[in-house]
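Generate the whole structure from the sequences, applying the supplied hints.
2 protein chains.
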Amino acid sequence: MFKSAQVYHLARTPQGLPKTEDFELREVALNPLQTDEVLVQNLYLSVDPYMRGRMRFMAPGSPLFGAAVGQVLDSKSAALPEGTFVLSGRSWHSHFVDNAEALTPLDPNLAPLPSYLGVMGMPGLTAWGGLLITGEYQSGESLFVSAASGAVGNLVGQIAKLQGGHVIGSAGSDDKVESLIKDYGFDHAFNYKTANALAELRSSAPEGIDVYFENVGGAQLEAALTHMRPYGRIPICGMIAHYNDDGEPTPGPRNLTETIYKFITLKGFVVSAFESERKKFQTQMAAWIQSGDIRYEETVYEGLESTPDAFIALFNGGNKGKMLVKLEP
Amino acid sequence: MFKSAQVYHLARTPQGLPKTEDFELREVALNPLQTDEVLVQNLYLSVDPYMRGRMRFMAPGSPLFGAAVGQVLDSKSAALPEGTFVLSGRSWHSHFVDNAEALTPLDPNLAPLPSYLGVMGMPGLTAWGGLLITGEYQSGESLFVSAASGAVGNLVGQIAKLQGGHVIGSAGSDDKVESLIKDYGFDHAFNYKTANALAELRSSAPEGIDVYFENVGGAQLEAALTHMRPYGRIPICGMIAHYNDDGEPTPGPRNLTETIYKFITLKGFVVSAFESERKKFQTQMAAWIQSGDIRYEETVYEGLESTPDAFIALFNGGNKGKMLVKLEP
Chain A
0 MFKSAQVYHL ARTPQGLPKT EDFELREVAL NPLQTDEVLV QNLYLSVDPY
50 MRGRMRFMAP GSPLFGAAVG QVLDSKSAAL PEGTFVLSGR SWHSHFVDNA
100 EALTPLDPNL APLPSYLGVM GMPGLTAWGG LLITGEYQSG ESLFVSAASG
150 AVGNLVGQIA KLQGGHVIGS AGSDDKVESL IKDYGFDHAF NYKTANALAE
200 LRSSAPEGID VYFENVGGAQ LEAALTHMRP YGRIPICGMI AHYNDDGEPT
250 PGPRNLTETI YKFITLKGFV VSAFESERKK FQTQMAAWIQ SGDIRYEETV
300 YEGLESTPDA FIALFNGGNK GKMLVKLEP
Chain B
0 MFKSAQVYHL ARTPQGLPKT EDFELREVAL NPLQTDEVLV QNLYLSVDPY
50 MRGRMRFMAP GSPLFGAAVG QVLDSKSAAL PEGTFVLSGR SWHSHFVDNA
100 EALTPLDPNL APLPSYLGVM GMPGLTAWGG LLITGEYQSG ESLFVSAASG
150 AVGNLVGQIA KLQGGHVIGS AGSDDKVESL IKDYGFDHAF NYKTANALAE
200 LRSSAPEGID VYFENVGGAQ LEAALTHMRP YGRIPICGMI AHYNDDGEPT
250 PGPRNLTETI YKFITLKGFV VSAFESERKK FQTQMAAWIQ SGDIRYEETV
300 YEGLESTPDA FIALFNGGNK GKMLVKLEP
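Residue numbers (numbering that gives the first Met the number 0), protein chains in the order written: chain A, 0 to 328; chain B, 0 to 328.
Derived by calculation from the structure, the hints in this document are not laboratory data.
Each hint should be verified, as a subset may be incorrect.
The list makes no distinction among identical chains, and a pair is therefore deemed to hold if it is satisfied within one copy or across any two copies.
Straight-line alpha carbon distances no greater than 25 Å define the calculated SDA-like cross-link-like pairs of lysine to any residue that follow [said to hold, decoys possible]:
| # | residue 1 | residue 2 |
| --- | --- | --- |
| 1 | LYS261 | ARG53 |
| 2 | LYS2 | SER138 |
| 3 | LYS192 | ASN254 |
| 4 | LYS279 | ALA218 |
| 5 | LYS319 | VAL96 |
| 6 | LYS278 | PHE262 |
| 7 | LYS75 | GLN40 |
| 8 | LYS181 | PRO31 |
| 9 | LYS278 | ARG228 |
Below is the structure:
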């Protein structure tokens with residue numbers, strides 16, 4: 000049926016902020032199905048900040064990839080019959096052929112399909128595991144999360160609120176700040192571009208911060224270290240402020256000595272650390288979504304050709320919640 | 000018998016490197032002994048880099064203090080009769096009066112008296128606990144320790160060697176570097192003032208560093224982060240390169256993003272974290288000293304009046320091993 004797919008390739012290694020010319024759409028031939036293989040049509044593509052880091056190490060000319068939700072159009076696998084919805088690692092593709100074992104079937108009745116790229120998927124597991132496992136967050140503790148309007152940060156704050164925490168978030172516009180408080184129940188939020196992070200932390204949590212969920216690096220990490228309580232924890236999920244560094248990288252925090260007398264732990268992690276907990280996470284998150292305890296937003300771009308723009312917008316504050324690209328079936 | 004003591008006071012808050020004029024020797028009256036009190040004559044005073052940090056927060060005119068070994072001259076306590084050797088927190092003093100409960104009796108047969116200020120005392124427990132507890136060091140792992148000629152760093156390297164580790168140390172002179180290898184059995188050592196830390200780590204431990212015991216901060220922390228293995232640990236004991244920062248503090252490492260994909264933990268600590276393990280530590284360390292497995296050096300200044308010079312010399316590389324001041328009894 001489909002003899003070829005549209006696939007974005009890396010045209011050149013991005014310098015600083017990625018540009019549309021860094022990406023090239025190519026027509027790629029699809030091989031006929033072999034035993035245990037399926038043809039999948041993608042329905043939702045994920046674009047994520049972590050992809051920027053990966054592009055440093057990919058050879059120009061390589062196809063791009065990442066999480067995607069699709070539907071099986073043709074199947075030579077008994078495990079994944081035609082019509083099955085699947086999670087794959089083939090974002091930036093319109094269609095693809097793969098072995099059934101590389102794909103995860105999705106239950107559209109447990110949660111909406113696109114949510115498997117966000118709150119039920121990688122960003123959700125990142126937030127849940129980073130806060131509760133790496134960050135060892137305890138009920139009632141004070142939390143500061145940066146990039147709190149992003150897919151991960153927003154969930155981190157909501158999960159801490161469900162544990163009775165005092166939650167402070169930062170974001171890059173006054174609209175986002177207002178939404179964090181009104182729509183997501185954050186105790187306090189501020190615009191990191193116009194406010195003084197340390198002053199905001201001090202006024203909202205006079206006794207200090209127990210956990211800082213780190214998404215950005217730079218001045219906010221410095222403020223968090225200064226205002227951290229003894230035995231504070233800083234799970235390092237990302238440092239988006241540093242991803243597009245050209246040449247000389249941005250200096251790190253000048254006050255790492257704060258860690259010594261306050262016994263502070265900083266700990267980097269990626270989502271693979273929590274793979275063994277995925278089932279437990281999905282059960283809990285699906286219940287929270289159904290009860291309305293967890294809310295989430297998606298910013299949806301339309302059509303495969305908008306994928307580079309959707310990706311670039313991640314670095315310009317152009318998304319609220321999970322950034323997705325929706326393809327016409 | 001003694002109506003007064005000689006006590007160093009902070010004359011003014013040090014700016015940058017401490018100077019002799021920052022300290023002032025005063026004659027202080029000693030109160031007559033009350034029940035449970037003892038009069039102690041100090042025999043050995045400790046000066047340590049951590050005291051520099053504390054001076055930021057002390058009011059000028061305050062008496063200085065820190066670990067010291069002394070002998071009871073007069074006693075109204077049955078627990079500490081005349082002649083008992085004691086560990087106190089009253090460095091920078093010639094004599095003092097204190098309640099017996101504030102003092103720890105020392106066994107001069109278990110280990111030499113001055114060693115209770117070094118290898119058997121705070122620096123020893125710091126090295127042992129920082130490496131084995133905070134750093135979770137496992138037998139055979141590769142270790143990098145900065146300030147490896149210092150009282151703590153030197154022990155860290157030796158303890159790791161006793162666990163079968165590959166040990167790399169840095170120091171500030173070629174003589175010290177040579178001694179680390181010849182006298183202390185380090186596998187590799189380099190002069191951080193003339194060598195490139197990253198190149199040294201790469202050549203000595205091509206597969207990476209499991210634990211970096213952090214004493215200095217700055218460029219060596221950056222090199223360690225870059226060359227760290229997955230799941231590496233960085234116990235942060237001190238950052239002596241930053242202690243004398245004036246005005247604008249030195250920027251931190253530019254590559255904290257290394258922590259993310261390598262699941263690296265940085266964790267600050269001070270020695271009080273290991274108080275509950277002190278007995279276990281002392282038993283093990285005394286055995287290592289007696290068997291000759293652990294070697295140590297002391298740099299000894301003579302006379303109370305040399306205390307400021309001994310302290311200042313800590314920041315000029317003027318010591319090998321533990322820095323002490325010996326008082327005439």
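Outcome of the hint check:
1. LYS261 with ARG53: For LYS261 and ARG53, only the inter-copy Cα distance (14 Å) is at most 25 Å; the intra-copy one is 34 Å.
2. LYS2 with SER138: Classified as neither; 54 Å inside a copy, 56 Å across copies.
3. LYS192 with ASN254: both (21 Å within a copy, 23 Å between copies)
4. LYS279 with ALA218: Result: close neither inside a copy nor across copies, 35 Å intra and 42 Å inter.
5. LYS319 with VAL96: neither (32 Å within a copy, 65 Å between copies)
6. LYS278 with PHE262: Classified as between; 22 Å across copies, 33 Å inside a copy.
7. LYS75 with GLN40: within (15 Å within a copy, 89 Å between copies)
8. LYS181 with PRO31: neither (52 Å within a copy, 67 Å between copies)
9. LYS278 with ARG228: Answer is neither; intra-copy 33 Å and inter-copy 29 Å both fail.
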